[in-house]
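Engineer: Mind docking chain B on chain A? Use the hints.
2 protein chains.
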Amino acid sequence: MSIYNEKISRYNEKTRRQKKNNAWPTLNFHLLPKTVKRRVYALKRLQLQSANIEAKFYEEVHELERKYAGLYQPIFEKRRDIVAGAVEPTEEECEWQSDREEEDLAEDLQKKAALEEKQADSAGADDPKGIPEFWLTIFKRVDMLEEMLQEHDEPILKHLQDITVKFSEPAQPMSFTLEFYFEPNSYFSNTVLTKVYKMKSEPDTADPFSFEGPEIIDFFHSIIYSINFHWMLIVSVCVQDEDLDFTLGTDFEIGHFFRERVIPKAVLYFTGEALEDDESVRRLLLCVIQDLDDEGEEEDEGDCDHTVSI
Amino acid sequence: MSIYNEKISRYNEKTRRQKKNNAWPTLNFHLLPKTVKRRVYALKRLQLQSANIEAKFYEEVHELERKYAGLYQPIFEKRRDIVAGAVEPTEEECEWQSDREEEDLAEDLQKKAALEEKQADSAGADDPKGIPEFWLTIFKRVDMLEEMLQEHDEPILKHLQDITVKFSEPAQPMSFTLEFYFEPNSYFSNTVLTKVYKMKSEPDTADPFSFEGPEIIDFFHSIIYSINFHWMLIVSVCVQDEDLDFTLGTDFEIGHFFRERVIPKAVLYFTGEALEDDESVRRLLLCVIQDLDDEGEEEDEGDCDHTVSI
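Top to bottom, those sequences are chains A and B. The first sequence stops at residue 960 when you use my numbering, and every number in between is there. The second sequence stops at residue 960 when you use my numbering, and every number in between is there.
Hint data in this document are derived by calculation from the structure and do not stem from the laboratory. Even for Gly, the Cβ is constructed at its ideal location relative to N, Cα and C. A portion of the hints provided could be inaccurate.
Simulated pairs of lysine to aspartate or glutamate, EDC-like, Cα-Cα distance not exceeding 20 Å [stated by the list, open to error]:
#1 LYS684/B - ASP731/A
#2 LYS790/B - GLU804/B
#3 LYS694/A - GLU804/B
#4 LYS848/A - ASP777/A
Some chain A residues close to chain B (C-beta under 7 Å, calculated; not the full set) [stated by the list, open to error]:
#5 ARG688
#6 LEU693
#7 GLN697
#8 SER700
#9 ILE781
Listing some non-contacts, in silico: residues in chain A with all C-beta distances to chain B over 10 Å [what the hints assert, rightly or not]:
#10 TYR691
#11 TYR718
#12 LEU721
#13 GLU743
#14 GLY780
#15 PRO782
#16 LEU786
#17 LEU799
#18 PRO805
#19 LYS808
#20 GLN811
#21 ILE813
#22 GLU829
#23 PHE830
#24 PRO853
#25 PHE859
Bound-form chain A, shown alone (with noise of 0.2 Å):
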């Protein structure tokens, strides 16, 4: 019925709640007439029923997704183009108003801004091809991504040049394909690292009514390189664990941040726009944490910027 990726992030807790007990209050369910026992478990039926309806609900979003990449793509192709300095957009193509990040400068500062450019433009970086390091800037922008990089990745990252995402194709199981495109490089000689994540949209048979939607289950990726590229820095960064399913969800985690948010607004995060909006989410979680929260003290309404006890 929806929260379609936030369902799939559930993936990650599923996995640690299996280790726990229910200690959870059920209903004085033995104190209903047998009767009532009766009706209840005719709904229970019934609510089967419905988890089955919804895992076809998720395979049409898959499709509606899968569309809509296709009408995304031209833009995506372009944004790489621009990039990698391929192609150099027109006057018109670059116009742009509302211009906030010189807006919020006080006057003295863009002054001290105007000079700086002034040197750097005449440091030779005048003109650069495309946007230089533009995803390795996103990756030390990126907090997730950031504490994966270490100083000899950075590097071989400046050589990334797009990063793409596609979905299974119809009647095909259902799964997504992240692929890194770098350009020629001293490093390793392919050029297209991908990996894929293969998901199931259908309720366990052991446990249906905690479907919440489709889940990651196996990736694997096809990559070949020349070198020690430490591509298992970006894919899974919790190896050290010998915890495989907190692993895989951890690596799932960063596959659909990359594949949802990353990918979707890559110039918002080279910017830090997209940075404002995810500690807006970030404090929204503790917003509703709080509400959650049975033992939570009377706040005033509105202030969330205090210390949370669970």
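Structural biologist: Structure of chain B alone, referenced to chain A:
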């Protein structure tokens, strides 16, 4: 591109964010050479095109939800009839193998339960109509709803027999309507109370990059009742704040919760099984925040049961 409903619920946060200054570190944008700046502006213009495509995507998801509402309808009608006692499910319809609630009880508790059950049956409750207080029980079990209930609401909500959601027709402005069906009662004369949530799915021209999917823009009630029914307690918990933005947001959160969780999975809230899932989400959110928290200390992996400092 998705996180369909997660994004809807950001409405609440958005109004809050508008009141804040943007204190986010933006790129040292002014340090970029002019030619590179031009290209970044070109990417931002492309991003606007993406936002408009994304709006269409959400319209199609809404259409899909409408289609699936039709598929769920026979199931929900059957549920309504069983709850109200209008139909009695057959033996086959009530078969339920993995009766977790009973399995979980230790043996001595089971004996006690059997005794209490006998008492319940002999106390004249052996053949009540349908599932008494089905929706009231749900209201009482879900914290967000329980907080709004006052003692005098309870006898009224005993007459609540069904809650449904209806999506707007194609080509109509995007909206959804919650309908609360009551059996004839001595408190008010009409049997259906409705609440319409109007939405829009298009980027705000003043802040197009903040677009994250449909947002509520308005809601209205078509409620006529003969006594002072505390409906406002159900639909709007924060009137006393005199903060309309916040009230609207909270109201929508509740509407969203009815639409996404309570209506599709009512029986699981009745038995308590869905509460476990909600708690699971709460724990997941805490982990996400922990990951996002820049100032967070190094913690043991997988352990989220501690105080989160913000």
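Engineer: Given a cut of 7 Å on the nearest C-beta pair, is the interface hint for GLN697/A held or broken against chain B?
Structural biologist: This interface hint holds because 5 Å falls under the 7 Å limit.
Engineer: Beyond 10 Å from chain B, beta-carbon-wise, is TYR718/A?
Structural biologist: violated, 5 Å
Engineer: Classify the hint on ARG688/A as holds or violated, based on whether any CB of chain B lies nearer than 7 Å to its CB.
Structural biologist: holds, 4 Å
Engineer: Decide, holds or violated, for the assertion that all CB atoms of chain B are farther than 10 Å from the CB of GLN811/A.
Structural biologist: holds, 14 Å
Engineer: Over 10 Å to the closest beta carbon of chain B is the bar; see if PRO853/A clears it.
Structural biologist: holds, 13 Å
Engineer: Would GLU829/A pass as off the interface with chain B, using Cβ distances and a cut of 10 Å?
Structural biologist: holds, 17 Å
Engineer: Is the nearest Cβ of chain B still more than 10 Å from the Cβ of LEU786/A?
Structural biologist: Given that every Cβ of chain B is farther than 10 Å from that of LEU786/A, nearest at about 13 Å, it holds.
Engineer: Beyond 10 Å from every chain B Cβ: check whether that's true for LEU721/A.
Structural biologist: violated, 5 Å
Engineer: Just to be careful, I want the Cα atoms of LYS790/B and GLU804/B compared with a cutoff of 20 Å; is the pair within it?
Structural biologist: Answer holds: LYS790/B to GLU804/B is near 9 Å, not above 20 Å.
Engineer: Return the status of the interface hint for ILE781/A: holds when the least beta-carbon distance to chain B is below 7 Å, violated otherwise.
Structural biologist: Status holds, d = 5 Å.
Engineer: Does SER700/A hold up as a contact with chain B if the rule is Cβ-Cβ below 7 Å?
Structural biologist: With a minimum Cβ separation of about 6 Å from chain B (threshold 7 Å), the hint on SER700/A holds.
Engineer: Going straight from one Cα to the other, do LYS848/A and ASP777/A come out at no more than 20 Å?
Structural biologist: violated, 43 Å
Of the hints listed earlier, those the structure fails to meet are numbers 3, 4, 10, 11, 12, 13, 14, 15, 25, in rising order.
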